[in-house]
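Given next are the chains, with one letter for each unit.
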Amino acid sequence: MGKRTIVPFGPQHPVLPEPIHLDLVLEDEKVIEAIPSIGFVHRGLESLISKRDFNDYLYVIERTCGICSFMHGMGYCEAVERIFDVEIPDRAKYLRTIWCEMSRLHSHLLWLGLLADAFGFEALFYQCWRMREKILDMFEASTGGRVIFSVNKVGGVLKDMDSAMLKGFVAEFDSMEADVRKLTKVFLKDYTVKSRLKDVGILTKEEAIQLGAVGPMMRASGIELDTRRLGYCAYGDLDFDIITSNDCDSFGRCKVRIEEIFQSFSLIRQAVDKIPEGNIVVPVKGNPDGEAFVRVEQPRGEAIYYVKANGTKFLDRARVRTPTFTNLSPLIKILQGCDYADVPLLILTIDPCISCTER
Amino acid sequence: MAKISRSPWILHYDGSSCNGCDIETLACLTPVYDAERFGVINTGDPRHADILLITGGINTQNKPIVEQLYSQMPKPKVVVAIGICACNGGVFKDCYNIIGGVDKVLPVDIYVPGCAARPEAIIDGIVKAVALFQEKHDKYEAEKKEGLQ
Numbered sequence: 015m016g017k018r019t020i021v022p023f024g025p026q027h028p029v030l031p032e033p034i035h036l037d038l039v040l041e042d043e044k045v046i047e048a049i050p051s052i053g054f055v056h057r058g059l060e061s062l063i064s065k066r067d068f069n070d071y072l073y074v075i076e077r078t079c080g081i082c083s084f085m086h087g088m089g090y091c092e093a094v095e096r097i098f099d100v101e102i103p104d105r106a107k108y109l110r111t112i113w114c115e116m117s118r119l120h121s122h123l124l125w126l127g128l129l130a131d132a133f134g135f136e137a138l139f140y141q142c143w144r145m146r147e148k149i150l151d152m153f154e155a156s157t158g159g160r161v162i163f164s165v166n167k168v169g170g171v172l173k174d175m176d177s178a179m180l181k182g183f184v185a186e187f188d189s190m191e192a193d194v195r196k197l198t199k200v201f202l203k204d205y206t207v208k209s210r211l212k213d214v215g216i217l218t219k220e221e222a223i224q225l226g227a228v229g230p231m232m233r234a235s236g237i238e239l240d241t242r243r244l245g246y247c248a249y250g251d252l253d254f255d256i257i258t259s260n261d262c263d264s265f266g267r268c269k270v271r272i273e274e275i276f277q278s279f280s281l282i283r284q285a286v287d288k289i290p291e292g293n294i295v296v297p298v299k300g301n302p303d304g305e306a307f308v309r310v311e312q313p314r315g316e317a318i319y320y321v322k323a324n325g326t327k328f329l330d331r332a333r334v335r336t337p338t339f340t341n342l343s344p345l346i347k348i349l350q351g352c353d354y355a356d357v358p359l360l361i362l363t364i365d366p367c368i369s370c371t372e373r
Numbered sequence: 167m168a169k170i171s172r173s174p175w176i177l178h179y180d181g182s183s184c185n186g187c188d189i190e191t192l193a194c195l196t197p198v199y200d201a202e203r204f205g206v207i208n209t210g211d212p213r214h215a216d217i218l219l220i221t222g223g224i225n226t227q228n229k230p231i232v233e234q235l236y237s238q239m240p241k242p243k244v245v246v247a248i249g250i251c252a253c254n255g256g257v258f259k260d261c262y263n264i265i266g267g268v269d270k271v272l273p274v275d276i277y278v279p280g281c282a283a284r285p286e287a288i289i290d291g292i293v294k295a296v297a298l299f300q301e302k303h304d305k306y307e308a309e310k311k312e313g314l315q
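Chains as they are written, first to last, in my numbering: chain A, 15 to 373; chain R, 167 to 315.
Hints may be right or wrong, so weigh each one.
Stated by the list, open to error - BS3-like cross-link-like pairs, simulated, lysine-lysine; straight-line CA separation at most 25 Å:
1. R:K294 to R:K270
2. A:K322 to R:K241
3. R:K294 to A:K327
4. A:K65 to R:K294
What the hints assert, rightly or not - To spell it out: a stretch of chain R is covered by chain A in this simulated footprint if at least three of its residues, at any positions, have a beta carbon under 8 Å from a beta carbon of chain A; those stretches are:
5. 194-204
6. 211-225
7. 228-237
8. 264-276
9. 289-300
Calculated directly from the structure, the hints in this document are not laboratory data.
The structure displayed is predicted, hence computed values, not measured ones.
Cβ coordinates follow ideal geometry from the N, Cα and C atoms, glycine included.
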């Protein structure tokens, strides 16, 4: 047995855009155990429920995370709408779907870039982020914001996209898809990339179920589960398969996310074809009373929103369970027995969003 | 800008932001916005850094980390607070865990407002920081000559 050393990792680390701290117990170059400590980004966002009314709280919950801010706002709105028992207009559902898929696109491209940066492929990182900027431009054109949109509302959405804009977006996505396909060839075919990702960070199917992995992390271990299948928003009308991989390693996770990028392109195209005319918002009057529970598939996996209201304009409780939080225990598992040099890469393969986790 | 002769290095730390400003700061350093054309470069090591970019407010747990990062940077140093949370706590000001903006623990030189701060605003902040760094550096060198430092 080699000598054991404890190496602190983070909270400030070149590869991490966000702070997380791990104590790595090393035996020579192998990691024996990883002990995480979190709380560097904790703001206590859920406590603001007593100071903001349920309409204003939307702007707080959107700021759970800057990457999937739209989905956080949408999940909360769906929960409150369920308490009010209102059905939002079909056009609003389709618009929400389009924005959701655009969020997934930009999040996955961002992740691909960060992954490339983690294994030292800087040109690839820059290319991924260049593509991502186009989606942010589209967000800006349609909602007015680049990362925080505040376009949701209890009862629908605040902004509409006309058909010229939607057609323009589809044309843009068509040209983007060809570019992204060229780019992803490098991730899937290049042998230097393969050598860093293949057979690194193995999470078997049984372990993924046992440890409660969600999202692409779970689907890369061969489990066919996607919350979008529940048919919230307009997903019930759209045609898509659940993308899985039986690789169970970092390469599989990369593959699943790349396939999901192309799936998002197809979902946006279908939604633009099928989008009905009509209102985008229904009036909601009074204060909510009751409780609701909503599940939403975010780029990182399944997020759960729980809202409890008491008939006044202040809610009793608004709780978010974010995907990265459940993906932390699989992360600890895949870190055990890995090489020390692979630690930054493995942390990135779960697509960590620390500000979601700690709120 | 005309007198700038130094190429300061940048250290970015995420205080307790929602990730929005954080990602925008990173986007500034990639080729679309390319803040590196102003002579700066992003580094992960506080001991090499001259300009500290902080996004997000200060909470009880990250306060010692931020102070430590600042103390590890060589003199002279410039601190840029990016986003409204780093300026004064922003939307999370009333949360029990937030102490306030970055200026509660560090001397902040430049404030970049916005939620999330736009890349153009962040680049403006960086350019101002580069100019300020030059000024601080000249002053520091002059003081060193006089034996004050």
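Violations among the numbered hints: When the structure is compared with the hints, numbers 2, 3, 4, 8 and 9 turn out to be violated.
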